[in-house]
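Hey, can you work out the whole structure from these sequences and the hints?
Protein chains in written order, with the numbering used here: chain X, 1 to 326; chain Z, 1 to 326; chain V, 1 to 291; chain B, 1 to 505.
The set of hints was computed from the structure by calculation and includes no laboratory data. A portion of the hints provided could be inaccurate.
Said to hold, decoys possible - Using 25 Å as the maximum straight-line C-alpha spacing, the simulated SDA-like pairs for lysine to any residue come out as follows: (1) LYS368(B) with PHE189(X); (2) LYS86(V) with LEU48(X); (3) LYS206(Z) with GLU76(B); (4) LYS95(X) with ALA304(Z); (5) LYS266(B) with GLN334(B); (6) LYS95(X) with ASP98(V); (7) LYS377(B) with GLY185(X); (8) LYS8(V) with LEU35(X); (9) LYS112(B) with ASN217(Z); (10) LYS153(V) with THR149(X); (11) LYS87(V) with LYS265(V); (12) LYS345(B) with ALA309(B); (13) LYS41(X) with GLU64(V); (14) LYS214(V) with MET49(Z); (15) LYS29(V) with GLN280(V); (16) LYS86(V) with ALA155(X); (17) LYS262(V) with GLY5(V); (18) LYS127(B) with GLN197(B); (19) LYS124(Z) with LEU30(X); (20) LYS277(V) with ALA152(Z); (21) LYS212(V) with GLY170(Z); (22) LYS376(B) with PHE189(X); (23) LYS87(V) with ASP46(X); (24) LYS124(X) with ASP331(B); (25) LYS124(Z) with THR312(X); (26) LYS86(V) with LYS260(V); (27) LYS8(V) with THR36(X); (28) LYS134(B) with GLN197(B); (29) LYS422(B) with ILE260(B); (30) LYS212(V) with LEU48(Z); (31) LYS186(V) with MET49(Z); (32) LYS86(V) with PRO171(X); (33) LYS104(V) with ARG266(V); (34) LYS191(V) with LEU48(Z); (35) LYS88(V) with ASP46(X); (36) LYS150(V) with GLY156(X); (37) LYS153(V) with VAL148(X); (38) LYS260(V) with PRO80(V); (39) LYS206(Z) with MET165(B).
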Amino acid sequence: MLDVAGKVSAEKKIAKGFLDKFGALIGLILLSVTLTLLTDKFLTLDNLMNIFRQSSVNCLLAIGMLLTILTAGIDLSVGSILAISTMLMGIVVVKWGMNPILGMAVCLGVGAFFGWLNGILLTKLRLPHPFISTLGTMNIARGLALIVTAAAPIAGFPYMIQFVGREFIGPVPISFLLVIIVYVGFHLFLTRTATGRYIYAIGGNKEAARLSGINVNRVLVIVYTMSGLMAALAGLVMVGRVNSAFPLAGLSYELDAIAAVIIGGASFFGGVGTVWGTMIGALIIAVLRNGLNLLNVSADFQMAVIGFVIITAVFIDVLRQRASKM
Amino acid sequence: MLDVAGKVSAEKKIAKGFLDKFGALIGLILLSVTLTLLTDKFLTLDNLMNIFRQSSVNCLLAIGMLLTILTAGIDLSVGSILAISTMLMGIVVVKWGMNPILGMAVCLGVGAFFGWLNGILLTKLRLPHPFISTLGTMNIARGLALIVTAAAPIAGFPYMIQFVGREFIGPVPISFLLVIIVYVGFHLFLTRTATGRYIYAIGGNKEAARLSGINVNRVLVIVYTMSGLMAALAGLVMVGRVNSAFPLAGLSYELDAIAAVIIGGASFFGGVGTVWGTMIGALIIAVLRNGLNLLNVSADFQMAVIGFVIITAVFIDVLRQRASKM
Amino acid sequence: MKEDGRPKVMVILKTLSSQYWKFVEAGAKEAAKKLNVDVTIVGPSSEAKIDEQISLLEDAITQEPDALVVSPSQPVTVIPAFEMAKKKKIPVLLVDTDADWDDKVTFLGTDNYTAGKKGGEQLASMLKPGDKVAIIAGALGNTAMDHRVKGAKEVLQAKGIKVVAEQPADSDKEKALSVMENILQKNPDIKGVFSANDDMAIGALRALEARKLKIPVIGTDGTIEALESIQAGNLSGTIAQNPYQMGYKGVETALKAIRKEKVSKRIDTGVDVITRKNAQKKMNFLKGLLD
Amino acid sequence: MQAVKETSLLKLSKVNKSFSGIRILKDIDLEIKAGEVHILLGENGAGKSTLIKIVTGAYRKDSGEIYWEGNRVAIESPLDAMNLGIATIYQELNLIPELTVYENIYLGREIKNSGKFSLLNQKEMKKRVAEYLKRLNLDISPEDKVSSLGIGKQQLVEIIRALMMDTRLIIMDEPTASLSASETETLLKIIDDLRKQGIAIIYISHRLDEIKQIGDRITILRDGCKMATLPVKKTSTEQMIQLMVGRQLKDQYPKESFTIGAEGLKVEDLRLRKRKETISFTAYQGQILGIAGLVGAGRTELARAIFGAEPIESGKVYVFGEEVTIRSPQDAIQAGLALISEDRKGEGLILDLDLEFNMTLTSLKRLKQGAFLRFKKLNEEANRYLHELRIRPSDVDVPARKLSGGNQQKVVIAKWLATNAKVFIFDEPTRGIDVGAKVEVYRLMNDLVKQGKVVIMISSDLPELLGMCDRILVMHEGKMTADLSREEADQEIIMKAATGGIQNA
Ligand SMILES: Nc1ncnc2c1ncn2[C@@H]1O[C@H](COP(=O)(O)OP(=O)(O)OP(=O)(O)O)[C@@H](O)[C@H]1O
Ligand SMILES: Nc1ncnc2c1ncn2[C@@H]1O[C@H](COP(=O)(O)OP(=O)(O)OP(=O)(O)O)[C@@H](O)[C@H]1O
Ligand SMILES: [Mg+2]
Ligand SMILES: [Mg+2]
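Written out as structure tokens, the structure reads:
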């Protein structure tokens, strides 16, 4: 673990971040190799693109979740925020027939608003843990999503809105390109900006961060707002994918997002975790589901297998770390 | 917060434990008063007993959850463990026609086994956080519960098994008496035994606990085993309540259990939390649901109201603590 | 077409985690055997996992079957995937729940609204105008159950029966029990209950039994547990759909579509109103399927 | 002093330990005799704590043998060590903040009721702890929550915990680092008593005066190698330093004098929360201002209040003549203040993050271009302090957790030097750092003064205050009780003011 060579350039350091996640990556590779051997459909361009597309919603939710977990927090409301922001977009665009651009702005704005609300509840009302505040907003947002159309789904979005979630450039789904852009952006944000570093600092030691002159509350509000924004963006992708907004969209997605972050090597206690690890975590989940689908494993067995693979994937990482400490 | 008077007797301290939870208690009282004013059916003996009975499953899950949260952990698998342990009891008792006592032993044994498995995964495989290990077992146990009878429920349990979940002594449901006994037991366990104290110590500072000669792994395995056992006990109550075991029983009940623990004043970071706080947390949730039913609040609004009340209940506690610090 | 020349049909259901869907599965399997079709049946872990169902659908299309038989959890959500299937010229059939998509081969099933209406009629037939009833609904946003509730409610109200409580119990037996207990606190004088599925009906029944209230309860679905309860004289009736037929006919019709035979756009698999009179027969039929 | 018994209690032979492939301990031999006070001395990072952690079972050795009373033993867990009769006061506090004092003291070896389900006998535990606290005349209640105590009192709890065990050997890793002079005296007396009872002590400290006072034999480590074991009485301070750092150290307190300048920090009628008295003082350019006092005198509280880390009731603060309103550490930094906290683990460092991260955290605003940080600059800056403060290992990518206590302290100092502060408040800056490094810190203070910065040093180490400060304020129970010039100040008068004997401020 220690870099004996001493001086490491900034670039190397980023690469090290990659290598640190080797465990999860090994898990992903092992999983993929196994699936390639088990079914000839797995390693096809078509299928890989499928996986990317299928993982994109979770990838977007997970990156927001990563931010909150880095600060030793959590955001249970992402799935509900996804629902309310897309429902409101549906009302604005489909029901009221307003401009799709405006609709997208509404979607993102609503997401950011609920995220901001989470941040404010946490910092201004000083609720003891984001579990409470986001559990609250999770219920409130879901309730609102159900109320606005009396639980009816909204279909018939204009092409412009469906574009991101639906279209391809060549064989590559645009939703996955979006994910890549977002991830690169967050990678830069977390490693190259002061605020990014503050996020790690707060998660590592909140009191030390505060005494270092960091405006902890401000950073937390930013973090939760971003998580809400990412949930809305995930919603936008989802609307394109399923051609509709519906009030139960994103139900219990928070678990998958958290799992991606943790499988990707982040720590629940804050301060540890990377953007790329999270992506690998999300891909592991997506590949696993895809593989089980291709193998036509029945749903009940899928559950058991998923449980088993999650434990194994993380265990491989534990083994690797233990080995590297020898 | 600091006890100025100095010497406090053991009895007073228990009372203080109660008072420390005053915030949640205030929340509960306010909620109850509101409901009493809104509907004359709320404050009837019958209805109160209803609430106690309805909260008993969550109370039992929450007490196990409390133990894990006290050690700075979590147990996502409680709902699934509830399902698999009751399903297996159903197979043993209903399908194979074996002795009900044996069946109950199987139920509790299976619960304890899965809990123990959680503990072993965490301590022996050294998975980084119980989120992973219990997410794994959550999926595995649910998968198995679905597999064992191909998703069919099992009904027709003998009276002996239904007894706990179903019967009353006078107006008092036996399930709630069971909860009281379990809670008193855990109160004594946590405050009066060495192992109980170790649980707080591990949550407060794991390394310090280890250096004090505490066998941290042993205590963690005990904690998760107990959580599994309590999930199975909750299952026993549930089977009595609905006279059947079904594979989707307890689905997403972990969220309610966690909410009860946190509303009851425990800290996610471990080391802080009480048995009685947890009970109040569980009662707040039960009273809330009961009240919404009594008021015939429509389904869509229910969610939003629940979210709002959770935030408010905890916020009252925050306000109280802030006031007492002045 | 598979190497062995058998046509390949993929069946994507809402879930396989309940008996109802196991019956659909049994029907599809039986058809596979009888008609010599290669049938694969999959479904997500729960009906709420809408995204998972879409993924299943996409992954099924990847495998290029000769036909798809789909029961969408949220009808509108599957349309983009259906379009993908269309591009690959894979015919799509819907079972149990319809979707508004012009290029579907057919829809086989009953409609939940009708089922709800029948349930309402059955319940109304046991009551008189002015009686109070309660409705136990599924989780809000569960379209199928919403439709059942809507149908039942309309009929009940049309017959002058008062719906005094309508509460969700998330398809959970234990929650239904709690909800019923609470409803009884407020409305001890209700004369009947309609439940959007059988599990919740059985939960509600428990609450009534505890209060020694003997009033009619009507469920929906026709699970074995419900049939047993009806035979025991507890549950008054259930609106049974024909999941087995949906599965069987689904595959059968898919085969027809593959062979480019003419297929009717709407195939009704019918509902049975089950009461004590015909419960045994239905039970024998269902039990026969599970062996 | 009683003659050292010649029976060997603990013997280490050829003990080795590596972390991540780097050898920290190299073939260490060590023998502890019953009833002796054995000193371990060495620079920060020499391996002292690592060595004792092998004895206490906190770490496992890579190779080598351990003998207890002549028998080879395997110590694989802290419990094994305890069962042998080894009690330890670790360098870093190891208390459970949410538990009470008595619960912490008895943690892991609770007294239980006989029979009755082996429930805890809380009454008995409380009673015994209360008696012990009374005997030592300490103002701590057995039922105080540990988190409500200041760091000094926490250290005392940790010490009492070891003392109340039934032991043959007590290991103390810098026990006096957070104690005041009088408490240190009490501890040293206790140690003398223990020695008389035949209990052996391994004592680690960077305070040479203490070492001289109580040590029987001394073992000196350098870079993981044992240099020598010598009788303390026959070894001079110079010799010790020479063996330890490999060179002579001319002057322990390199005091330089400058001409007094402007009023740098002026505090006027500052009233702290829950205190009645107000505090006023001024720190000037060109001076090092010392603040002395006993543990709990309120020095840390004062510093934190000035820095905006704690709310204040009333009062004004001027920085170079300008009134500033400070409501948060952010405001304080904006106003040009820096506070080097006394609690490096809790308030100073982000332990899981690397040194570069920690050292540059306070100055990121300065080290960016547009929105993005300049990595090269960050790296340069971090490396500069690494060398200036001689931090080891000298690798900016190591997480702070892996540094020895003293090196961690240096990282905290570096972090604040990197800011452009005008006023530096050092709270116990040399706590836990070795004599060589102390001199570096003093030189740094001199440099800061030279650059026209204002330096305030809160310390419980009187010789250090006397050696380095131009003026010394003394606090007692939240009040300023003396304002002494360098000439006026001596140990006696400070102690008198610190215990409330005089009030002339
Ligand atoms: N867990 C660890 N992992 C890696 N390196 C470590 C670890 N613990 C200590 N070290 C390294 O071992 C060396 C010795 O550390 P140790 O804590 O024993 O020093 P020390 O002599 O006690 O110093 P101090 O006087 O500062 O307390 C240091 O270089 C430190 O960085
Ligand atoms: N976090 C805290 N909560 C409650 N009381 C505290 C806390 N920190 C310190 N105190 C108390 O406040 C008083 C002043 O403590 P402070 O730490 O400021 O003293 P000090 O002179 O700096 O001594 P020390 O050498 O311990 O740092 C003490 O009585 C201490 O016990
Ligand atoms: Mg040390
Ligand atoms: Mg201090």
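Now the hints, each set against the structure:
no.	hint	in the structure
1	LYS368(B) with PHE189(X)	holds (13 Å)
2	LYS86(V) with LEU48(X)	holds (20 Å)
3	LYS206(Z) with GLU76(B)	holds (18 Å)
4	LYS95(X) with ALA304(Z)	holds (23 Å)
5	LYS266(B) with GLN334(B)	holds (16 Å)
6	LYS95(X) with ASP98(V)	holds (23 Å)
7	LYS377(B) with GLY185(X)	holds (22 Å)
8	LYS8(V) with LEU35(X)	holds (22 Å)
9	LYS112(B) with ASN217(Z)	holds (22 Å)
10	LYS153(V) with THR149(X)	holds (19 Å)
11	LYS87(V) with LYS265(V)	holds (21 Å)
12	LYS345(B) with ALA309(B)	holds (16 Å)
13	LYS41(X) with GLU64(V)	holds (10 Å)
14	LYS214(V) with MET49(Z)	holds (22 Å)
15	LYS29(V) with GLN280(V)	holds (24 Å)
16	LYS86(V) with ALA155(X)	holds (20 Å)
17	LYS262(V) with GLY5(V)	holds (22 Å)
18	LYS127(B) with GLN197(B)	holds (24 Å)
19	LYS124(Z) with LEU30(X)	holds (23 Å)
20	LYS277(V) with ALA152(Z)	holds (24 Å)
21	LYS212(V) with GLY170(Z)	holds (16 Å)
22	LYS376(B) with PHE189(X)	holds (17 Å)
23	LYS87(V) with ASP46(X)	holds (14 Å)
24	LYS124(X) with ASP331(B)	holds (19 Å)
25	LYS124(Z) with THR312(X)	holds (13 Å)
26	LYS86(V) with LYS260(V)	holds (15 Å)
27	LYS8(V) with THR36(X)	holds (22 Å)
28	LYS134(B) with GLN197(B)	holds (21 Å)
29	LYS422(B) with ILE260(B)	holds (15 Å)
30	LYS212(V) with LEU48(Z)	holds (19 Å)
31	LYS186(V) with MET49(Z)	holds (14 Å)
32	LYS86(V) with PRO171(X)	holds (18 Å)
33	LYS104(V) with ARG266(V)	holds (10 Å)
34	LYS191(V) with LEU48(Z)	holds (24 Å)
35	LYS88(V) with ASP46(X)	holds (13 Å)
36	LYS150(V) with GLY156(X)	holds (24 Å)
37	LYS153(V) with VAL148(X)	holds (22 Å)
38	LYS260(V) with PRO80(V)	holds (24 Å)
39	LYS206(Z) with MET165(B)	holds (21 Å)
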